[in-house]
Amino acid sequence: MDIERIEAIIEAVLFTMGESVEADKLAAAIDHDVDTTLKIVHNMMDKYESEDRGIKIIELENAFQMCTKPEFYDNLIKVASQPRKYVLTDVLLEALSIIAYKQPITKMEIEKIRGVSSDFAVNKLVEYGLVKEVGRLDAPGRPMLFGTTENFLRSFGVQSIDDLPVISEDMVEQYKEEAEYELAADSVAAKLDESDEDDNQLTLNI
Amino acid sequence: MDIERIEAIIEAVLFTMGESVEADKLAAAIDHDVDTTLKIVHNMMDKYESEDRGIKIIELENAFQMCTKPEFYDNLIKVASQPRKYVLTDVLLEALSIIAYKQPITKMEIEKIRGVSSDFAVNKLVEYGLVKEVGRLDAPGRPMLFGTTENFLRSFGVQSIDDLPVISEDMVEQYKEEAEYELAADSVAAKLDESDEDDNQLTLNI
Amino acid sequence: MGINVKLQAFEGPLDLLLHLIDKNKVNIYDIPIVVITEQYMEYVNQMDKTDLNVVSEFLVMAATLLDIKSRMLLPKEVNEDGEEEDPRAELVQKLIEYKLFKHMSLELKDRQLDAERALYKPSTVPPEVEAYKPPVNLEELVGDMTLSKLNSIFQDVLKRKEEKIDPVRSKFGKIEKEEVSMSDRLVHVKSFLMEHRSFSFTQLLMDNHSKVATIVTFLVVLELIKTGFVTVEQEKTFSDIMITVQKNPELIEDIDEE
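Chains as they are written, first to last, in our numbering: chain B, 231 to 436; chain R, 231 to 436; chain D, 3 to 260.
These are calculated hints, taken from the structure and not from any lab test.
There's no promise every hint is true.
[Unchecked claim] In silico DSSO-like links for lysine-lysine, alpha-carbon gap of 30 angstroms or less:
(1) B/Lys-255 <-> R/Lys-255
(2) D/Lys-111 <-> R/Lys-332
(3) D/Lys-111 <-> R/Lys-362
(4) R/Lys-308 <-> B/Lys-299
(5) D/Lys-151 <-> R/Lys-354
(6) R/Lys-269 <-> B/Lys-286
(7) B/Lys-308 <-> R/Lys-255
(8) D/Lys-135 <-> D/Lys-111
(9) R/Lys-277 <-> B/Lys-299
From a predicted model like this one, the values you see are computed outputs, not experimental measurements.
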């Protein structure tokens, strides 16, 4: 068997196996001993490397594998990558608004405000580059604190987070008044009002 | 980008994907229009075929795929296993050849040609991925129309359905000649021959 | 007469007829209809009659043959052009077409044997390529969303939170009025859909088993079936419902609860 044919067989075997192939298997395919096989394959490796080829052969612990030359990954991406659609859903916008106005804030707090788990939403916002980790809260578990990114500011046309439109005190007052109104004559209500201070604090701390 | 690099990219893409890649995707990978891409790939196909390579590129209705050269099969099966997915019985082959030549075709039409119910055969062929529903006939009941798949092309080494072995005029002629020979002196035979003209048309129009 | 047709299996009446024509060494264009019909009937009579579907197919052909046989005895019919018609013509045409396809199927078989000698390769996309995500186009993503819209969303969220706190009962702490809104469940279902392509209804309820949650979740699933985001399958009554995602869950819009 001439050398061209042997090389062709090795090429065919490495191609169809996809994964790594031990030297002795290659030897079996071409009906030669392992030493000769190794010599031939090493020679082929050099050839693939130096020629204008899209693929190359790599050696892994006495086994060989054919693989794509990394320099073509960018071209490959155009064929292999999945088209993705990025959308700011209502859920994401909600989480984003909370982070924007209450930053720095933990996931837990966002959850408390929204009443539902916000893991997914926060992660997506981080992926989109609108939100980032800005530190850790000095509390048990040291939970991450999230805040908006510069990209966020740029995209929403804001100079700095201080420029975010304030939640007017009027509105907060209004919430409080509604509550007070409903509970006005009630002593229980009065107590409630006091004990609710915390909650209000939370909203006032904006 | 020089042609060597373009060819290397196409090699890398076809190798990596393993499955068939449409011409327009290859075109996107090399940043050229489809026509140019087709020319380049066709040229590569010739090169692979003529050079001492273990692999080659096949065309399947405007898509391309890499596979090993059949001549190395005996060496390859020493180390690689060929997954034989299905055995096609004569019944299945018959139904398949009718579908291949007359697509798109309904089950009813297949039955008319074979003279027997072909439900089972068609369903099996669909299960094997050789045949698929390609639409519905605009007729009462809107019956399904069947055609062959890319997998059919691959499994039978056919580039496109236009490339199927032709039902030759010779074959029909041959039947007729046999008839004429035996019935040479018979006037009935001559008439039959004439009136069969239409039939031939039918078979040739496939 | 009576060439003994072995009881071999034929694919159908046409197959059997071709066999008989071949066996009798007669010409397909000039079938000796009496002989062939006789042998055909002989075969049909010996057939295993258990499969009525198969038998009936053979019987239809038997009727055709008998019809041709009788028409052969009558004076020749004449067509519009004044030419004599052979009663066998239609059958001959069918047999020839069938024979051609049989021939082509053998040709295909050869091709398959050749084609099987080529081996393919599984896809081996490098992880680096697989993991690639196109950069987020923030301008497109943010679209016509503005800061003031974001602000009003925030206020809605706060308002919703206020409303959720029942000022009196929340004081008692222990008594919980369960509020499960469609929107809330949708948010949960949606995030579940993003991470799982296929799952059971029970899995959906892992976070909340209460009766209300179950009902509301079910309503949400019904809504998603309606909008085509999922399909469901249930093997039998009372078995778990399997849900499969059909469309990108990110596109699910909030449910209008009216």
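Tested hints:
{"no.": "1", "hint": "B/Lys-255 <-> R/Lys-255", "in the structure": "35 angstroms, violated"}
{"no.": "2", "hint": "D/Lys-111 <-> R/Lys-332", "in the structure": "18 angstroms, holds"}
{"no.": "3", "hint": "D/Lys-111 <-> R/Lys-362", "in the structure": "20 angstroms, holds"}
{"no.": "4", "hint": "R/Lys-308 <-> B/Lys-299", "in the structure": "28 angstroms, holds"}
{"no.": "5", "hint": "D/Lys-151 <-> R/Lys-354", "in the structure": "57 angstroms, violated"}
{"no.": "6", "hint": "R/Lys-269 <-> B/Lys-286", "in the structure": "25 angstroms, holds"}
{"no.": "7", "hint": "B/Lys-308 <-> R/Lys-255", "in the structure": "8 angstroms, holds"}
{"no.": "8", "hint": "D/Lys-135 <-> D/Lys-111", "in the structure": "45 angstroms, violated"}
{"no.": "9", "hint": "R/Lys-277 <-> B/Lys-299", "in the structure": "20 angstroms, holds"}
Hint check: violations occur at hints 1, 5 and 8; the rest are consistent with the structure.
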